[in-house]
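There are 4 protein chains.
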Amino acid sequence: MSGNTFGSVFRLTTYGESHGPGLGGVVDGCPAGIPLSEADIQKELDLRRPGGSPASTARKEPDAVRLLSGVFEGRTTGTPIAFHIENRDHRSADYSAIKDLFRPGHADLTYQAKFGVRDYRGGGRASARETVSRVAGGAVALALLARHGIGVLAYTLELGGVAASPVDPDGALARPFFSPDPEAPAQWEARIREVKSRGDSLGGIVQVEARGVPAGLGEPVFDKLDARLAYALMGVGAVKAVEIGAGLAAARATGSANNDPITPAGFVGNHAGGILGGISSGAPVIVRAAVKPIPSIAVPLDTVTTGGQPATIVTPGRHDICAIPRIVPVLKAMVALTLADFLLLQKRMA
Amino acid sequence: MSGNTFGSVFRLTTYGESHGPGLGGVVDGCPAGIPLSEADIQKELDLRRPGGSPASTARKEPDAVRLLSGVFEGRTTGTPIAFHIENRDHRSADYSAIKDLFRPGHADLTYQAKFGVRDYRGGGRASARETVSRVAGGAVALALLARHGIGVLAYTLELGGVAASPVDPDGALARPFFSPDPEAPAQWEARIREVKSRGDSLGGIVQVEARGVPAGLGEPVFDKLDARLAYALMGVGAVKAVEIGAGLAAARATGSANNDPITPAGFVGNHAGGILGGISSGAPVIVRAAVKPIPSIAVPLDTVTTGGQPATIVTPGRHDICAIPRIVPVLKAMVALTLADFLLLQKRMA
Amino acid sequence: MSGNTFGSVFRLTTYGESHGPGLGGVVDGCPAGIPLSEADIQKELDLRRPGGSPASTARKEPDAVRLLSGVFEGRTTGTPIAFHIENRDHRSADYSAIKDLFRPGHADLTYQAKFGVRDYRGGGRASARETVSRVAGGAVALALLARHGIGVLAYTLELGGVAASPVDPDGALARPFFSPDPEAPAQWEARIREVKSRGDSLGGIVQVEARGVPAGLGEPVFDKLDARLAYALMGVGAVKAVEIGAGLAAARATGSANNDPITPAGFVGNHAGGILGGISSGAPVIVRAAVKPIPSIAVPLDTVTTGGQPATIVTPGRHDICAIPRIVPVLKAMVALTLADFLLLQKRMA
Amino acid sequence: MSGNTFGSVFRLTTYGESHGPGLGGVVDGCPAGIPLSEADIQKELDLRRPGGSPASTARKEPDAVRLLSGVFEGRTTGTPIAFHIENRDHRSADYSAIKDLFRPGHADLTYQAKFGVRDYRGGGRASARETVSRVAGGAVALALLARHGIGVLAYTLELGGVAASPVDPDGALARPFFSPDPEAPAQWEARIREVKSRGDSLGGIVQVEARGVPAGLGEPVFDKLDARLAYALMGVGAVKAVEIGAGLAAARATGSANNDPITPAGFVGNHAGGILGGISSGAPVIVRAAVKPIPSIAVPLDTVTTGGQPATIVTPGRHDICAIPRIVPVLKAMVALTLADFLLLQKRMA
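Chains as they are written, first to last, in my numbering: chain A, 1 to 350; chain B, 1 to 350; chain C, 1 to 350; chain D, 1 to 350.
Just so you know, not all the hints are guaranteed correct.
Between beta-carbon pairs, the in silico distance windows are [what the hints assert, rightly or not]:
no.	chain 1	residue 1	chain 2	residue 2	range
1	C	D46	B	P214	49 to 55 Å
2	A	A265	B	A64	56 to 62 Å
3	D	A350	C	E189	47 to 53 Å
4	D	G74	C	G199	58 to 64 Å
Straight-line C-alpha distance at most 27 Å; calculated DSS-like pairs for lysine-lysine [what the hints assert, rightly or not]:
no.	chain 1	residue 1	chain 2	residue 2
5	B	K99	B	K196
6	A	K347	C	K347
7	D	K347	B	K347
8	C	K196	C	K99
Everything labelled a hint here was simulated from the structure, so no lab data went into it. As the structure is a computational prediction, the values presented were derived from the model and not from experiment. The C-beta atom is built at its ideal place from N, Cα and C for all residues, glycine as well.
Make a model of the complete structure from these sequences and hints.
Printed below as a string of C-alpha cells:
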C-alpha cells in the first residue's frame, strides 16, 4: 500500500501538508443517495478547530471546506466525493529555526530517513494538521452511518493523569474537552495551566463509543473489526495504545469475570467492547486511545542537527499543550470510517 | 477486503478450520533466493504446540507442515509459497453438546449473525487453531528478515496479574511460558493451578521486540508502522489492547519525560517504541499485547440457545487455561509479517 | 500487489508449479450458504483435462481436487474455501535438456530476469498447468453466479485461422473444441493434423458470453467491468488480445452503426457487448480472447543459452499443438471470477 | 475496490464530473526526489486539449492544473501529490434537453441502473472529461519513468478505417492526430469532414510504445504486465479492444512464425510486444487500443425516456467527431501509470 488511503470499499484518500497550499481528500465507494452538504462536513471540522481551550494553539485556521465532486442536488451520486481545505495562516518563518534540527518526539528524523528529503515547515505531512482531512472524510462516513441508525460519540476519559467520571457521555459534545463529566474540565484546565507554566505538555485518554452497530460487522481472521479499529486509531499521530472494551484490564481478570453472560435481552456487561471473534455483537462498540503528550515543548532537550552534531532544542512556534480536545473528533472520524467500510462490506453477504 | 489476506506486497492468505481437513496458507510476494525449508517452518510451529505447561490443552496435534510450492533447490523462487498442516486429532463428538448454545466470550453468536451458518465444531474458523497458519507464514517472514539482519523476540511480561522482571529477554525462548525472568514461571504455574482448580482461566501480557529494524519503515499517514502493528496484534483472537513503547503510560507522562532525547550515539530511552510519526527510527521496535482469559471455563454462566432461550453453560472439551504461552509465537509471527511487508515496500524508494 | 490474488471482495489466491507437489488456491469472500461440493469443482476441471483431441498433450493428470476448508454440511460457510490438486504425472527428466536454454515464446528469459532464479522443470509457475487453479476457483464463482441466475458459456470462434459459425453456442460444451458450430471441428482437426506434421502449432479465438448479468455491475472509472474482464483474460497465458462486443470492428464503424438503439423491450443489437460506461447494461456480456500458437514446437529456432551463447532449440516434451480447447474453460472461469466480484461489490449499494 | 484508484504501490485516485466544480486526483506512492512542477503536468494536459483539429469540440477549457501537495522546492517529497483542475466552461443549459433520455452508446442507462441517480449534465462522472485527471496523474508517472530511462510514445495507427504507415513514430507528437505518418492527417481530415457532414462519428486505433523498459516488470500470474496494460487501456471510455504485440494476428499465425527468436543481440522481431509470461523482456512494450466512434451523433436514433417510453434522440451539445486525437495522451498516461507501478514493485525484489 502507498499509505494514504484508508478502507477497502469505503475509502478515504488524503493529501496535504501543514504549510502547503491546502489539505483534502477523496472518499470513494460511498453509496448514492446519502444527503450530504458542505455544512455537514464543516460541522465536524469546527469541532476540531482550536477553540478557547487553554490546551489549544492560537493559530487561526478557519478550515473552510469546499466540496469538489460527488454530490448532486444535495445527495451523493456514488462517484468520488472530493473536498479541499485551503491553508490560510501558515507563517513559514516560524520554522526556519528548526530547519536543521531533528525535534525529539517528532517525525523529523524518521521522515528524513525514509524519504531522504523533508518539508521542515511545521512538520509537513507529519503535522497534526493532516487530521483535518480525516475529520472531513469521517463526516461523510457519519452521514452514511446515520442513515443506518448508527451513531458515534467520542469523549475524554483522562487528561494529564486526571480521570473523569463518564457520567454523561451524551453531553460531552457541549462541554470543554468533550468531557463526559461536568466536574472534570475545571480540574483539567488547572492541570494544563500548571504544566504550561513550566513549558511542558500533557497527554490523555479518549473513548469512542458507537451505538446501533448491527451484529455481523468485521472480516476475520485478519480484518477483524477490533483489528481495524486498532489500526484506525493507532494511525492517528500521538496515539500509543488502543484498547477494546475491558482492554488492558482483561489481561488481569479471570474468565468467569471477563466473559459477558448472554440473556434473551442481550449481553450482561460489555467487557468485550461489542466485539467477539472480531465481529460486532450488537452491543455498543467501545474503544479507547491513549494519547501521548505533545512533543513540542519549551523544556530544553538534547538532540542532533541534520548533520549529526549534538545540539539543544527548545521547540518554538505556536503549539497545543495537549492533543486533547482537538484529537477527539479525529478519533471519532476514524471509528466512523472503519464502521462505514465494514457496513458496506457486510452487505455483500445479503 | 475479504479478510483472510494479511499484508500488501508480502502477503499471507490463510484458510482452515479446527475440525476440517486441515489448515494452511499462501505467502505471496516473498523475493526469490531466500533459503527456506519445511524444517524452518516446523521449528516455529513447534513453539506453538501444547507442551508440558499446565496452561495448555492435552490435545495432541503434531502440526507437521508440508510445503506445496514456491521453493526450489532449497530457496524461494519468488512465486507463491503454499503450506498445509493436516488436522489429525479432532474429536468432533466433543462439541455436539454445545451445538445449540452460544458460548459467552466466544464468537459463536457473532459468526451466526454474520454468516447465517456456523461450523460449531470447536469454533470452526474462529478457533485459536487458526493461528497455526499465522505461525507458518510468519516463519517465512522471519527467514526474509534474518537475511536483512532483523530479529524478532517475544516474551511474557505478565500472567494472571503476576508480572515478570524482563531481565533476560534473550533467554525467554528456552524458558517455560517464554519468560524473560527465571523466577516468574514458578509463580505463574502456581497461579494457574490455583485458578484451574476453580475451573476458571487467566490472561496476560506479551511483549514483542524487533531488533535491527532499519529507520524508514512505515507508510504514513494511514499505514503507519505502529498502526499496522496494532492491526496485526489486535487481529489475533483474545487480544484486547495493544501498546507501542511507553503505551498507556505515555498518556500520563509530560512531554519532557516522554520525549526520547537524541544524541549522536542514538536515542536516550525508547518511550517511542522505535517508531516516530509512524516510521521506524532505528531503535528497537517494542509492542505489547494484552491477552484476555480463555473464555472456555468450567464455571457455569448464563447464555442463550441458538433459538434464543435462556440456558446455563459449562464449556466442555479440552481447553487451555491461558492463551499464554501458545499465543507468544503467534504474536511474534504477526510482527514479523508486518515488518517483512514494510521492508519490501520501503525498497521501492531506493 | 503480489500478483497471485485475483479480485477485490471475491478473491482467488493461487499457488503451484507444473512439477512441484501440486497446485491449488484459496477463495476468500464467498458468501455463506452456497451449495458446493468437490464434484462441482471436479466437473469444471474435467473440461480442462487433455482429452481425445488431436490438439492436446498425452500427459495424464487426473487433476482430482480436494476441498480443504470453507464448506460444512454441503454449503459454504463464508470462510476461505481452499482446494488442492496433487501433481501426479511429472517426469522432470524430460526437461533437463532445456535447463540451460531460454525457449523462444516462453517465459524462461523473463522469469530469470525478474527473479534471478528459475524452476526450469516444464515452466514451473509459468506453465499452463497453473490454470488448473483458475478453473477450480472459477467453479466456486460459477456456483455463486448460478444462485443469482447468471450463466457463463465459452466457445471457440476460430482455430488456426478457420472460423466457426456460432450457430449453436449452447451446444458447444458437448462438442470437440467447444465448438458452437457442428461443422467446424472436422475442419479444425484437419488443420491441426496438417500443422502437427510439420512440428508447428496454432492459435485461435475464444468467445465468452455471460447471460443473466443484471444491469449495474462495474466500478468506474478504473475498475470498469470491461477493464477488469480485459485484465482477467489477458492474464491467461497465450492471450494476446481482448475484445468487448464489436471489439476491433468498432474502430472501423460509424457512430450511427455502432450505437445500439434502445427500445422498451431492450437494446437493438449488442455492439457494446453488454457494457456501457464500464457498467453492465443487462444485455449479454460478450468478450473474446485471441490466443497465440503454442510456443513449444519441433521447428528449430534460434535462441541463447542461459549464459548468453547462441544456440538452436527444438522444444522437447509432450505439448499441445493448440491452447484450444483446454484454454476454453480457463477463460470461462476468469469471466466467472470477475462477475462474482462485481456482483458482491454492487450489493454494497443496496 | 471502489473503482477510482489505479495502481498498487504507485497509485492514482481521481475525482470530478464534467459539470461540477472541477476534476483532479491524488498520486500516492511516488518516491521522493523526482523533479516535478505544474509545468510538467500542464504540458501533458495541453496535448489533450481541443486544438484546431476538425475532430475536436469547440468547448474551451484552459485546463490549468494546480499542484496542491507533495512537492517541495521543486521535487517530490514522497507524500501524496494532489492536483486540481477547475471547470470553467460548463454550460449546463445545453444538457437539459437530454435530462430525461438515455443516450444510446452512452452510460446514462447504466449509471442510473447502478446508482439510482444520475448527474445528467454532460455525462457527469462518465464524461470523457474525466480523463483529464488520468493525464495529470500520468504526467507524474512519466516524470518517474524518465528518471529510469523509460520513455512512452503514443500515436494513431488508424482513423475511420484509414490506416497510417507508422514510418516516423518519433515525430508523431508534432503532427495532427499524433500521426506517425506525414501523409495520413490529410486523409483523416477528409474522412472526418465527410462523416461530420452527415452528423455521424468515427473511431480508430492507437498504439502506445514504451522504450527502455527493463526486463523483469510484471507480477504473474494475475498481475501480468500485459493483463494490467489491458486493464489500464480498456478502462478508458470508448476503448473496445486491446492488443499486445502481434495481438489478434497472433491467433492466425503458426508458432514458428509467431515466436521471436533470441540472439545474443536480443530478440529478432517483437510479436510478443515486449512481454513474455506477463513479464517485460527488455524489448519495447507495444500495446494497441481500438477506439469506438463517439456515440453522440446528430443522426436520429431510437431510445427510451428515463420513464421507459419510446423516443427518438439527436444528441445536442458540442461533441468531438472522433475520440482521436484527444484520447492519445490519455492512453499514453495509462501506460505510464502501469509501468511506474510495476517499476516500483520490482524494486522489492532487489
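Comparing the hints with the structure gives:
With their beta carbons about 51 Å apart, C:D46 and B:P214 fall inside the hinted range of 49 to 55 Å. The beta-carbon spacing between A:A265 and B:A64, approximately 47 Å, falls outside the hinted interval of 56 to 62 Å. About 50 Å separates the C-beta atoms of D:A350 and C:E189, a value consistent with the hinted range of 47 to 53 Å. Range check, D:G74 to C:G199: Cβ separation about 59 Å, and the 58 to 64 Å hint holds.
For a cut-off of 27 Å, the pair hint linking B:K99 to B:K196 stands: about 25 Å separates their Cα positions. With a CA separation close to 6 Å, the supplied pair A:K347 and C:K347 stays within the 27 Å bound. For the hint pairing D:K347 with B:K347, the CA-to-CA distance comes to about 6 Å; that is within 27 Å, so the pair holds. Proposed proximity of C:K196 and C:K99 is supported: the alpha carbons are some 25 Å apart, at most 27 Å.
When each numbered hint is compared with the structure, a violation occurs for hint 2 only.
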